[in-house]
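Enquirer: Same order as they appear, the protein sequences are chains A and B. By this note's numbering, the letter at position 58 of the first sequence is numbered 58, and the numbering carries on one by one without gaps. To get this note's numbering, take the position in the second sequence, counting from 1, and add 1000.
All the given hints hold, so there is nothing to weed out.
Calculated pairs, PhoX-like style, for lysine-lysine (alpha carbon to alpha carbon, straight line, at most 25 Å):
| id | chain 1 | residue 1 | chain 2 | residue 2 |
| --- | --- | --- | --- | --- |
| 1 | A | Lys266 | B | Lys1432 |
| 2 | B | Lys1324 | A | Lys266 |
| 3 | B | Lys1368 | B | Lys1132 |
| 4 | B | Lys1192 | B | Lys1246 |
| 5 | B | Lys1075 | B | Lys1048 |
| 6 | A | Lys266 | B | Lys1098 |
| 7 | A | Lys78 | B | Lys1415 |
| 8 | A | Lys266 | B | Lys1421 |
| 9 | A | Lys266 | B | Lys1425 |
Covered by chain B, according to a simulated footprint, are these stretches of chain A (three or more residues, beta-carbon under 8 Å):
| id | segment |
| --- | --- |
| 10 | 46-54 |
| 11 | 154-166 |
| 12 | 243-250 |
| 13 | 263-269 |
To give an idea of the interface, some chain B residues facing chain A are shown, with a C-beta separation under 10 Å as derived from the structure:
| id | residue |
| --- | --- |
| 14 | Asp1256 |
| 15 | Gln1268 |
| 16 | Gln1407 |
| 17 | Val1411 |
| 18 | Gly1412 |
Quick caveat, the hints were computed from the structure, so don't treat them as lab data. Predicted model, so just to flag it, every value in this text is computed and none were measured. A virtual CB, placed ideally from N, CA and C, is assigned to each residue, including glycine.
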Amino acid sequence: MSTSAPRQKHGGRLSNGAFALLLTAPGLALFAAIIVYPLVSALFTGFFRQDLRLPGREFVGLENFTYWLDSGFGTILKQTLVFTVGATIVPFLIGFALALALNSGLKGSGFLRGLFLFPWVIPGVVVSFLWMWIFNANYGVLNGILLELGFIEESVSWLGKPGTAMLAVIITKTWASFPWMMVMLLAGLQTVPKELHEAAAMDGAGAIRRFFAVTWPQVRGVASIVLLLEFIWNFQHFDTIYVLTGGGPAGATETFATAVYQSAFKGFDLGRATALGGLWMLLLLVLVAAYLWITERKGDAR
Amino acid sequence: MTTSGISRRSALRMFGIGALGVAGAGTLAACAPSGGSSSSNGGDTKAKDFAFTSWSLNEEAAKPAVEKIIAAWEKAEKSKIRTVSYPYNEYLSQLTLKLGGGETTGAVQLDIAWLGAVAQMGKLADLSAAAKKGGYTDVGVKSGVYDGVQYGLPWTTGSIGLIANSKLLEKAGITEHPKTTEEFEAALRELKGLGGGVVPYAAATKVAQLKDIFPWMQTFGCTLLDGDKVTIGDDASVDAVTWYKKLHDAKLIAADVDRFDARALFGQGKAAFYDDAIIGKGATAAQSKDKTLADAMQPVTRPVLTSGDTPRALLWGHVIAVAKGEGQEAATEFALHATSDRATTVEYFETLALPPATTQGLADPKVKDDAFTTAWTEQITKTATGSPFWQFAQNAQIEEAVAKQVQAVLVGGAKPKDAMKQAGKEVADLIKR
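Bound conformation, chain A alone:
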């Protein structure tokens, strides 16, 4: 039964399309004002030499883009990917393992679920400062414990060495991220019918076989969303890296987010900052294309 006809009669002359447009107009106007206009304006700025402090700007064509492509773009891309992949995979594995444990009817799982959520509710900047003190080379807790236990003979500069700085940043982000992944995956796990597990067990399937044959196919959709979202967030993540290392030492943890920030708000070079932002967005579009291609291919294969 349709209810649209009587409504049209009583409501006057608006068609369904016009009514829908009316409903979306405020949202579209807001979107245009706070996203589209600044975005287009920023993209345009990439073609100018413009200092954030001084009035006026000078058209320089592709100079700002070639500057980045000639100096450091590859390194920034590589480091962004290392951080993004590391800070996505590690918390996913930890979150999934904990979700499986909590879903297995573990005693006190309700309490543990609440406890594990604790890092997630702390603001990111606070988490970053907390870990900055833990990793501090000269009076950090980590060095204190390792020295006490005799694992190291002298303090290690965790955030001051290129090799360990990125690891420290990934560990910090993992600590902040795994709880929400755990919660999402746990929700997915709880939708898996117990009967499927019982049937598989009766057919002689062990725990590992049941995981791959029953559990994983059921939670794969949730896992994909969780991984995709975390990847996107990490690709543009800023606060943990900025607070912990500021992109250092010697640029070893510099990602697109910190490089754009440093260029715009430390170097006050709006032209170069927006040029890098443009290149960064181009990469995000490549990710979109890759994502569409993968999902389409999967769809066709079915």
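Once you have looked at the hints, place chain B on chain A.
Expert: Structure of chain B alone, referenced to chain A:
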């Protein structure tokens, strides 16, 4: 039952596209220019109430002293001062953005190294008339001048130099301050021998304060700038960084240290030398549990490469500038009072060990008879010079470009010669922009 007609795959796809789109757009939108700027930040210039932007209000040791000056002014003038503060390491960025955006008015504390960059924004008032009433020293007056205009009233003028913990030196059997870099290195090795986690020299190794390398480069003979030519990258600068790297690898200086880490280490009695401005005595002693530490702190003349060379030190100081616009006149009067009123400046000195920039203030017995200040002036400030890069709006970027290259050397990511060549090139490019 009806369905939406959207498959799970489509929904997932749209979700992904939406999230990616917003992520990218949001990222770029944050960099969007905010439009043109005018030279005044608007408002009633005769308003009695005004704002005071200061990093000292963000520092535990200095905050009460500055708040006291503000409270006294508010009481006497029956007006209200709105305080704004940012941490020192973020101060210039935040101030620049707010000042450029027209959000900063009133009095503004500035490091003399930043005056050129901020003055070029065209937002600061000319304080020449007020400066004539202050009775400032010549050096003080000059520290507030950029391009022939008096933009700042000098609050304190001094230098950045080495501070030693005499207790640790004594413990290591060092009876005299080292005079040359060779003697300095030998002293650091003696101090390292004390063990117990002592950092012989808590030199800056984080980018934020690695500008401290400049006086060492000058010590090794690099002029930094010769006329229009950037000399960073010459043999002297390479030698200086090679030496710094040697100290780093021998663990005579520690990784991951900025000014605040250095003060903390020194305050804990775990650092024998560190670089600081004269304010370091008050700031470090205030946070130390050892109440006798202040007596053990000694200013040290920076060691020279060869006996007879002039010791190098960086001029340092604070000025109070005033933004054009709301409360400009009252803020100028406040700046004049805070920087030149004898009782106020002497009390400020007593609390923070920051010497006044007025001849009357310096002549006050409480200042004149202070042994640490006198020794500092004689041993460090006497030969201090400003940085040749302060004249450029890009000074902060220049310091950071050099600091990043020095840090690359320290962590083994670059060779001193290549890093200094690159630093010199980057500095030259920044000056040209």
